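Enquirer: So you can see what is in the structure, the chains are spelled out below.
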Amino acid sequence: MHRFRALLIDDEEELVSALVERLGYRGVEADYALGGPEALEKMRRDKFDVVVLDLKLPGMSGEDVLKSIKRDHPSVPVIMITGHGSPNLLPEGKPEQAFDCLAKPINLEALISKMKEAIDGK
Amino acid sequence: MSSDSGAEREKLRREKDLAFFGAITASVSHELNNVISIVYQTAGLLSDLLAGARHGRPISDERLEQIAIRIGEQTERGAAVIKRLNAFAHSVDQPCAEFDVNAVAENLITLAQRLASLKRVSLAAELAEQSVLLTGSPFGLQQVLFATIRLLLSQSQENDTITISSDQNDTGVIMTVEGRSSDDDRDLDLSGLEFLMSCMNGTIETRTKGGHTTLSLLFNSSAEVQGRQDTN
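Residue numbers (my numbering), protein chains in the order written: chain B, 1 to 122; chain Z, 1 to 232.
Take the hints with a grain of salt, since some may be wrong.
As the list claims (entries may be wrong) - DEER-style ranges, computed between Cβ atoms:
no.: 1; chain 1: B; residue 1: K67; chain 2: Z; residue 2: T25; range: 56 to 66 Å
no.: 2; chain 1: B; residue 1: S68; chain 2: Z; residue 2: T25; range: 40 to 50 Å
no.: 3; chain 1: B; residue 1: R26; chain 2: Z; residue 2: R9; range: 53 to 63 Å
no.: 4; chain 1: B; residue 1: R26; chain 2: Z; residue 2: A124; range: 42 to 52 Å
no.: 5; chain 1: Z; residue 1: S191; chain 2: B; residue 2: K94; range: 27 to 37 Å
Claimed, not checked - Covered by chain Z, per the in silico footprint, the following chain B stretches (three or more residues, Cβ under 8 Å):
no.: 6; segment: 10-17
no.: 7; segment: 53-62
Simulated from the structure, these hints should not be mistaken for laboratory data. In this text the structure is predicted, and so the values were computed from the model without any measurement. For every residue, glycine included, the Cβ atom is placed at its ideal position computed from N, Cα and C.
Next up, chain Z with everything else stripped away, as it sits in the complex (with noise of 0.2 Å):
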């Protein structure tokens, strides 16, 4: 590979990285951006409830608890967004590691399930029961099951399941995405979905069956992570 094309490769990588991690934090943004509303306008709610008593308009014991559940349910919300969004962020703490990728996959399908969701769309997690360990980039095996969800969310239509599972044997580790077929039956663009797996010294395979697209993404046992180094 000549320095130029390895440096072009580098660079479309870069750019690939910035783009996912811009997606995910947009999309937590703004859910949290919606628990901060719904709590804003509770307080409110209850200050013009509590100036209405001051007037005359009894609040009941009742109503007051229901205020402070909504309000306990959404910081609860907050919070567990902001866990996930923590898991994703230190995700490229270390470029290569052991991880356990059902783990990691579970995290990254949660925060996915939110821009599902706006295609009315669920994600169904079916993890193996025992741990699935790897050895490489935790945030390169999120960034390649986000677009390959990406992928298939693009030929969803409302109330489709797409699901995830993930196996191991003696070669390596599987990630299985299935999800529904083109109408048309056009292929799939999978060039950049191949890119990222290139990355992570993986390869893909594809199968159409009975109006269903199974992506299998298959990563070595011990990938040694291409072009993923720490620079600091």
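Bound conformation, chain B alone (with noise of 0.2 Å):
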């Protein structure tokens, strides 16, 4: 697979920055934003194939921030992360516009397999 860029949305900038970092270490290149309107900013003057976005973001919620992203980006794959012990408890299910949903703490091999998995079924 060619490399991709990928963008992390999540308030906590200590583990955004790790991410990002990490995903570097493994050719992966990543930016990061923390909270909606920086990343809506951030995709409009910058290309990404996928996005990594939090469910539960302060001011604009992570399901808005989906919905801005899949109205102007629609073929980036969003794949959501949350806070819920397993994304099968989320009160509504995943998100309809969201390619997968990952449970926090990140195993940062799998969200790789699963970026790869998102950009490739596009």
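Put the two chains together into one complex, using the hints given.
Expert: As structure tokens, then:
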């Protein structure tokens, strides 16, 4: 698979900055945003092949960010991440427009595998 | 009160108790999950850097120190969250006791801040400097305070502040919660809160002025708690 670019969206900067650095050591070019407006602005400026998005964001909710991304960049798959023990326990289930949903704490190798699957599957 | 309506009231109270307990523990578990996630990825980053060092990519002492500090800070954050959860969990130990309203309220306000932060709203505690003593249910007090905060959160906007204060006079304890009024001046639905206050033998007063709503929760000094009996 060719190199791809990922955008990680989560308000916990220490988490996303560590993930971005670790992804870089594995050949994945990644950037992060701490909230919806910042993420949407970055997506207007740069091309991303996949987005990883926290369900619970302050201000603009994860669901609203997902809707905006799918409206403006319909071909970019979005993988949701949740602090629920399991994505199956989400009160309203996995958001319909999301490619998949992973539970925190995220295993990095599983995340990379899911990102590749999402890019291949679109 | 007939036995049927008494049983229905008790059933409703227990449902609300559980819902409140669930809301707080869910919020805490989300925060702890974030703490664990940060520690997990930071430890993973350290492994990556050490692997890099073995292959000729040295790590600076400053970088190692930065990583150690981050793990320490997140561990302290997690410990503080657990301490608050522990205090909350133990607030059910005694259905009726004399307690310091300020200490209980302060813990609840901190626990509720995460929910407020999701709406980018701040909770400001302006509690009385001296202890404010109440005989009643510490759990019940937190429950009504949480319900009041949630009510005002429902009409708050980003960057708003909800202020919580406490006071005491000859008749009892007053907790005041102030926030933004709704844009369309519709009245708040206080039925749920009124029910909870009745379980605490308390009353609510509402005042709306200048775009702000103030809810005053009035508790009698030595309120016997209705319906909260030790079932052990």
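Enquirer: Any hints this thing doesn't respect? Which numbers, in order?
Expert: 1 and 2
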